[in-house]
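**Q** Residue-level listing of the chains:
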Amino acid sequence: MSQTNQNETPILEVQNLKKYFNVSAGTLHAVDDVSFKIYKGKTLGVVGESGCGKSTLGRTVLHLLESTSGKIFFEGKDITKVNRHELTQVRRDMQFIFQDPFSSLNPRKTVGEAIADPLMLLKGEKGSQLFEDVIRMMDTVGLARRLYNTYPHELDGGRRQRIGIARAISVNPKFIVCDEPVSALDVSIQAQVLNLMLDLQEANDLTYIFITHDMSVVKYISDDICVMYLGQVVEKCPSDELFANPLHPYTQALLSAIPLLDIDQEVKHEILQGELTSPINPKPGCRFASRCKYATAKCKEPQEFREVSDGHFVACCGVTGQ
Amino acid sequence: MAKDNILEIENLYVEYDTDDGVVKAVNGVSLSLERGETLGLVGETGAGKTTIARSILRILPVPPAKVTQGTIRFEGQDLGKISEAEMRKLRGHKIAMIFQDPMSALNPVYTVGSQIAEGIELHQKVSKAEAAKRAGEMLEMVGIPRERYTDYPNQFSGGMKQRAVIAIALACNPDLLLADEPTTALDVTIQAQVLELMEQLRDKLGTSLIMITHDFGIVARICDRVAVVYAGQVMEYGSKKDIFKDCRHPYTMGLFNSLPKLDKNEKRLKTIPGLMPNPMDLPKGCPFAPRCQNATEECMKGRIEPKEVTPGHFVSCLYIPERGMSV
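Residue numbers (our numbering), protein chains in the order written: chain A, 1 to 322; chain P, 1 to 327.
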């Protein structure tokens, strides 16, 4: 985040958020001590591989999953402590766009009905007002009006994802968690949907958490990026900084693993050995250490998430400050 | 043919006869693959990539699928004319396939090792013990300890399952390997491991490879030649350099422009407007014409034949620009 925002109150602040699941083999640390701030109108990208806790983080932040511990301040109010009535208001302000446009829509509801649902439930709209607003939402996200009475199975993935976006923005939220909204789409459709999301953000001053595993998508859409590994944020900094100066060994490996479009460059791929270890009953030290080529004895101790240069945070004892 | 082509596909048409109508999945595709070469088949969902690969192996579900026209020759032999018994001898032996989804490509009730040994025993006519020994070697070759031979697929992670699938495909040292999105289901660090492994094994064994993917990054890394497929037709076909440094078809350019680039800061992506055409109701002329900015009425009239713009670089478009686009 740039300095201009330092004096503002963040729209969302997450402090030491934890979400553990009790499974038969022990305690699964899906989100483990995550803290961050997001300012209004900005996008925080969350990247990581499957199983790193990105989606759980998104759901816990919206209070769709009860957190194990930690605080979530939305516009200064801790939403982990609100009552049912207040939660309705929170739901209106904080929305979610789901990953899979194939399973996140009710197959028995038409496009019109699907978009009407949140308007009825959260804003109490009905009658002609409701119909007008549904049509307005369809225009906004680029769904032709003739599709009003069609069912999701008649539509392609891009259009279905537009329904999901229309549902999310219909209640004028301030903040949206987007969980891999384009990963099920083809590139030409993906570009259309990404542009739409940026247009909506500009028009309505929306704040996004954008969860993805695609590094080029996250760079395109984010102001700041968090890199997650097994439930923990290992690096966080402005988007350009992350790609120019990745500090955590995991971030470096992740970036070098992306197949580039450049056919001339003889890229020396840094192949990461091994695979993700289990997030069940993890040991206190760095969770990446078993795959890290720089690992030392110090990595067995808990890692501090510290600011090594302006706005650049990293959880690695091997990184020296500048 | 002067060149040593291991595979030649000529004017292939494949249809699916469904309750709703006839889906025209592949519409006049001609491709050839030189021995030892890697061909990338790139395109979006529904472009017909997988159907092309499956028709080579003759594993399309018939019906509803039907090859209506065209020939596929493997080492000079017309695969459309040989008997099922002969085809079975080729499948998994001379021609093998790596399937897209490693989670469902393995049989959950057999051990991973026995699934690798099955093909070896069948095609190489060796004893059970010998097949098991070779299967163990294959496991080690793809970087899985031999002790895991008796494990079941559910005991493997996604990356290991895909390695096991690769081991099955390569077990009989095939001359031609068809890889259908082999890394799409995997995370990027695991994808990098699997691509590296495939590259090494291809170079070591001299296998010819058809790589089906939607990811131009993988094409840039692993392929020699590229065919860009759209609605069952090849839009542009050429060497990797032709496609990445001198692409001429509006669809190829549109695809490249749609990709967010890691080395550029763009405010908005250039998109291709519109959607893929309905495969039951394809436009008469160029299938891309309804989404193309340069399209005229001429484009809608009939099939557009590929033109050779530079040696080996074919473009199916009426309005080919003088100079191409470089990524």
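Everything labelled a hint here was simulated from the structure, so no lab data went into it.
Be aware that one or more of the hints could be misleading.
[Stated by the list, open to error] Below, simulated PhoX-like cross-link-like pairs (lysine-lysine); rule was C-alpha separation at most 25 Å, straight line:
| # | chain 1 | residue 1 | chain 2 | residue 2 |
| --- | --- | --- | --- | --- |
| 1 | A | K109 | A | K126 |
| 2 | A | K174 | P | K89 |
| 3 | P | K267 | A | K40 |
| 4 | A | K37 | P | K267 |
| 5 | A | K174 | A | K71 |
| 6 | A | K71 | A | K37 |
| 7 | P | K240 | P | K267 |
| 8 | P | K89 | P | K128 |
| 9 | A | K123 | A | K40 |
**Q** Just to be careful, I want the Cα atoms of A/K174 and P/K89 compared with a cutoff of 25 Å; is the pair within it?
**A** Since the Cα atoms of A/K174 and P/K89 sit roughly 62 Å apart, the hinted pair is violated (cutoff 25 Å).
**Q** Are the Cα atoms of P/K240 and P/K267 separated by 25 Å or less?
**A** The hint is violated at about 28 Å.
**Q** Check whether the Cα positions of P/K267 and A/K40 lie no farther apart than 25 Å.
**A** 19 Å, holds
**Q** Between the alpha carbons of P/K89 and P/K128, is the straight-line distance 25 Å or under?
**A** Roughly 19 Å between the alpha carbons, so the hint for P/K89 and P/K128 holds.
**Q** Regarding the pair A/K37 and P/K267, is the alpha-carbon distance no greater than 25 Å?
**A** 24 Å, holds
**Q** Sort out whether A/K126 lies within 25 Å of A/K109, counting only the CA atoms.
**A** 17 Å, holds
**Q** Please verify whether A/K174 and A/K71 have alpha carbons no more than 25 Å apart.
**A** 19 Å, holds
**Q** Need the status of pair A/K123, A/K40: alpha-carbon distance at most 25 Å?
**A** At roughly 23 Å apart (the allowed maximum being 25 Å), A/K40 and A/K123 satisfy the hint.
**Q** Between the alpha carbons of A/K71 and A/K37, is the straight-line distance 25 Å or under?
**A** Satisfied, since the Cα-Cα distance of roughly 12 Å is no more than 25 Å.
Checked against the numbered hints given earlier, this structure breaks hints 2 and 7; the rest are met.
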